[in-house]
Amino acid sequence: MLSLKYKLSIVIAALVIFCAMYGCKKNNNDITPLPDITISATTVSEKFIGDVLSINPTVAYGGQEANFTYKWFKTVQASSSLTVYKQISDKKALSYTLDSLGTLNLKFEVSNTVTGVSSFSKISFNVVSRAERGWYLLKATADGNTEMDAFYTNAVGNQSVTNIITAKNGAPMAGLPVDIGFTAFYTWYNPITKFFVSNNTCLIPVSSKEVLAYRVRDERILSSTDGLFYEPPVPASRNFQALVCDPNLMGIVNDGAAQGMDPNSSSFLPQRSGDYSLSPYFTLAPYKFNNANVGYILGFDKKSASFVTLRYKQTDISYFPDRFLTGSKFSYPYNVSSNKMGAQLVFMGNTDGTLDSLQSSNGRAYGLLKKDNSSDMMLVGLNTELLLPSRYGNGNFSPIAFKRDLLSSSYPDLASASLFAINKNNPIIYFAKGSNLGYYNIDTQVYSSSMYNFGGEEITYVKFIDAQYDAITANNFRNLVVATYLNGKYKVYRFTVLGTTLTQTGAVFEGTGRIKSLIYAVPNGNSTATFTSLFHSMYRYY
Amino acid sequence: MIKKIINTIAVSLTVLTLAGCKKELPAAYTGQQYLEFYSLYDIKEVTTAYSSFYYLNSSRSTDTVFLRVRTVGTVPSKTSFIKLSAFTDPNTTSAYPDAVAGVQYVSFDDENIKKLMKVDAGKYEAYIPVVLKRDPSLKDKVYQLRFKITTSDDFKPGNSDHTEGIIYISDRLFQPSNWTPSFFLGSYGSVKHQFMIEQSGKPWDAAFITTLTNPVDLNAQAFYLFKFTQALKDLNATRKAAGLTELRENPLLPSTAVTFPNL
Chain A
1 MLSLKYKLSI VIAALVIFCA MYGCKKNNND ITPLPDITIS ATTVSEKFIG
51 DVLSINPTVA YGGQEANFTY KWFKTVQASS SLTVYKQISD KKALSYTLDS
101 LGTLNLKFEV SNTVTGVSSF SKISFNVVSR AERGWYLLKA TADGNTEMDA
151 FYTNAVGNQS VTNIITAKNG APMAGLPVDI GFTAFYTWYN PITKFFVSNN
201 TCLIPVSSKE VLAYRVRDER ILSSTDGLFY EPPVPASRNF QALVCDPNLM
251 GIVNDGAAQG MDPNSSSFLP QRSGDYSLSP YFTLAPYKFN NANVGYILGF
301 DKKSASFVTL RYKQTDISYF PDRFLTGSKF SYPYNVSSNK MGAQLVFMGN
351 TDGTLDSLQS SNGRAYGLLK KDNSSDMMLV GLNTELLLPS RYGNGNFSPI
401 AFKRDLLSSS YPDLASASLF AINKNNPIIY FAKGSNLGYY NIDTQVYSSS
451 MYNFGGEEIT YVKFIDAQYD AITANNFRNL VVATYLNGKY KVYRFTVLGT
501 TLTQTGAVFE GTGRIKSLIY AVPNGNSTAT FTSLFHSMYR YY
Chain B
1 MIKKIINTIA VSLTVLTLAG CKKELPAAYT GQQYLEFYSL YDIKEVTTAY
51 SSFYYLNSSR STDTVFLRVR TVGTVPSKTS FIKLSAFTDP NTTSAYPDAV
101 AGVQYVSFDD ENIKKLMKVD AGKYEAYIPV VLKRDPSLKD KVYQLRFKIT
151 TSDDFKPGNS DHTEGIIYIS DRLFQPSNWT PSFFLGSYGS VKHQFMIEQS
201 GKPWDAAFIT TLTNPVDLNA QAFYLFKFTQ ALKDLNATRK AAGLTELREN
251 PLLPSTAVTF PNL
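Respectively, the protein sequence lines represent chains A and B.
First residue of the first sequence? That's 1 in this note's numbering, and the numbers climb one at a time after it.
First residue of the second sequence? That's 1 in this note's numbering, and the numbers climb one at a time after it.
None of these hints come from the bench; they were simulated from the model.
Since this is a predicted model, take the numbers as computed values, not measurements.
Treat the hints with caution; some may be incorrect.
Taking lysine-lysine and the DSS-like style, the derived pairs with C-alpha atoms no more than 25 Å apart in a straight line are [to be verified]: (1) Lys-233/B with Lys-303/A; (2) Lys-141/B with Lys-202/B; (3) Lys-122/A with Lys-92/A; (4) Lys-194/A with Lys-303/A; (5) Lys-114/B with Lys-313/A; (6) Lys-107/A with Lys-92/A; (7) Lys-303/A with Lys-370/A; (8) Lys-78/B with Lys-133/B; (9) Lys-227/B with Lys-209/A; (10) Lys-313/A with Lys-302/A; (11) Lys-141/B with Lys-313/A; (12) Lys-240/B with Lys-313/A; (13) Lys-302/A with Lys-233/B; (14) Lys-489/A with Lys-433/A; (15) Lys-123/B with Lys-156/B; (16) Lys-83/B with Lys-313/A; (17) Lys-123/B with Lys-141/B; (18) Lys-91/A with Lys-74/A; (19) Lys-370/A with Lys-433/A; (20) Lys-83/B with Lys-114/B; (21) Lys-209/A with Lys-303/A; (22) Lys-194/A with Lys-123/B; (23) Lys-302/A with Lys-209/A; (24) Lys-74/A with Lys-47/A.
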């Protein structure tokens, strides 16, 4: 049998355990619940990329004082199938620059530093581009470099941004402005992922020394001059003079020589062969996005005074033979050679209609040439259908279907004008001289040198923009756009044209600098059914 | 009596529990050392290398290819020597004759070479040299050197998927193995190959082609296709002006004119 002492020990142990258990239970009943951490509900409506998001939520703790730590997270895609939270701030008040498009998911986490208890709140909203639709102005700065301003047109009204190049790149582009182009197919080599990213919709601003690829939707410079050439020209020899953008071929002229960039490519190919020096004026044959009539650019060789084509998938440029298409819509064939014109091109642009009696679709352009050793001009009508392989076998005939001399004695202000434009619906040429805007109707031969006067402001840019490519009909328009310069500042006017009457429309864009070129950009659309979007109608710009 | 039994059981349980904690962990492997060529994949892979004296200065009489090997099983505790042996594969038909020891390469039994074919103590990887000789025969033909890891005093061959190698030796241009029928610059020709080297300053050997094709770099491919097409057009125009034929693989055969695919 167990001794009494042993039995007593067991009893005492049992009592101790019982008391301990009882005591614990009693204590539990005495706990006062901790207050909840409550975070004020925060909602954020749609924001633009580049905006600084500022949120300062209210954190409550049942009316008690407490110390907290704060963490803001956003979701990031760690892989194609994994989304994780990444911390972006340890402050209660968040100030965060929105740097990517799409849905932004935020989580705000509050932790009590004493108890370790935490609470969180989530916020989601869309970050959209403010920059996809609007006017981009390429301008010369006071010190002779190149900058870009933008006047956006979007749901929250118009906004303007000045000196974008400096804001994004730290400095303006070196050299005077040349032109600004547009592509929907720029391929970007992402140096971080080391993969190529296709179909970037980019503006291509060009100065005499630099070229950039500027992705519109997130306002980011993807590539600069060295990255845009397989064999970058040395800075001292760079003399960029022109840019032309066709969906199948982007062409740049460097000191007279052409270099092309294929779509879905990241760089300009080497200079095209030949003894030529291109003028800066180009036009494109009308095309529809889904047909093959793209990649044929009409230009002019200053050296031989001849019209030429820049074709995609070619290593040089092409001249037209002295062969002439019969069946001209005029009473007799002109049989005008497009070679050795004895004149230099000063303007070229296309308009609706045709100079081809065998084709009914659009395909006419006009070129203005200044005769050698003379102040007289020559106007030629160009059948751009002749550029197309599917029409007449790859430029096998002279494209000139019409020719007219314009004597300086009869058209003095036209012959001495510095800038020209063409109405995209009718064969009317606009010309600028000083502050005056005039016109010349090719069909009726009506001429006026005083269509509009800008009161001392020098006209630095004129173009008829027929923007019938915007998916939002409200943004379609046909405007004559004129930029002027006075005392270091520019103004951009827009006019509707009715006959010879100009009626100003919309606000005047104003800023510092001198406008060289501009473009009205819209979001790129891929609808081959409607052929909308600027890119699908790029020929309208030339 | 019961008290003693309880005490005995308690003591026994304590002893058994403590004894259980002392069980020994498995020992590290200390047996046979194995060796294989480095490979990323667990599939049959013949280590392949190229030696072309064509790209080397004419004063060079030897070229060295280094092969990456790794140990399997153990990290050597002492300097461990490797043995390679050349062999002819009776199951493979090759366009290239087998290289001869002492003629196109320095024999694996050469005492100086043997000293270099080793894995140092404490290392699990090494680069071992194979020395190729610039023999006049390489001007006429491409030779192949097939070899495999064989048993040495220190190593046995490892995974048989990774113990064989081949080195192609030449002193002339030859079609790189990755210049396949679908190569982006079209069909192979030695005149065309030489033309590309001269125009680009690049070797256009297997290693360089890999930089354009794996991963596929369409931008660089477009650039080279444009550059060669343009250069060939210009060259042929110059040749024509000089009364010559276009550039051909065989000057007497028009059908062998050098061409590139359409842009």
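Verification of the hints:
1. Lys-233/B with Lys-303/A: Between Lys-233/B and Lys-303/A the Cα gap is close to 22 Å, so the pair holds against 25 Å.
2. Lys-141/B with Lys-202/B: Since the Cα atoms of Lys-141/B and Lys-202/B sit roughly 22 Å apart, the hinted pair holds (cutoff 25 Å).
3. Lys-122/A with Lys-92/A: holds (14 Å)
4. Lys-194/A with Lys-303/A: violated (43 Å)
5. Lys-114/B with Lys-313/A: violated (56 Å)
6. Lys-107/A with Lys-92/A: holds (12 Å)
7. Lys-303/A with Lys-370/A: holds (14 Å)
8. Lys-78/B with Lys-133/B: violated (31 Å)
9. Lys-227/B with Lys-209/A: holds (24 Å)
10. Lys-313/A with Lys-302/A: Holds, at about 23 Å.
11. Lys-141/B with Lys-313/A: violated (38 Å)
12. Lys-240/B with Lys-313/A: Measuring from Cα to Cα gives roughly 23 Å; hence the hint holds.
13. Lys-302/A with Lys-233/B: holds (24 Å)
14. Lys-489/A with Lys-433/A: Status holds; Cα separation ~18 Å.
15. Lys-123/B with Lys-156/B: holds (17 Å)
16. Lys-83/B with Lys-313/A: Not OK: Lys-83/B and Lys-313/A at ~55 Å, beyond 25 Å, violated.
17. Lys-123/B with Lys-141/B: violated (39 Å)
18. Lys-91/A with Lys-74/A: OK: Lys-91/A and Lys-74/A at ~14 Å, within 25 Å.
19. Lys-370/A with Lys-433/A: Distance ~16 Å between Lys-370/A and Lys-433/A Cα, so the pair holds.
20. Lys-83/B with Lys-114/B: holds (8 Å)
21. Lys-209/A with Lys-303/A: At roughly 23 Å apart (the allowed maximum being 25 Å), Lys-303/A and Lys-209/A satisfy the hint.
22. Lys-194/A with Lys-123/B: violated (33 Å)
23. Lys-302/A with Lys-209/A: Between Lys-302/A and Lys-209/A the Cα gap is close to 21 Å, so the pair holds against 25 Å.
24. Lys-74/A with Lys-47/A: Holds: Lys-74/A and Lys-47/A sit about 15 Å apart, inside 25 Å.
Going down the numbered hints, you'll see the structure goes against 4, 5, 8, 11, 16, 17, 22, while the others check out.
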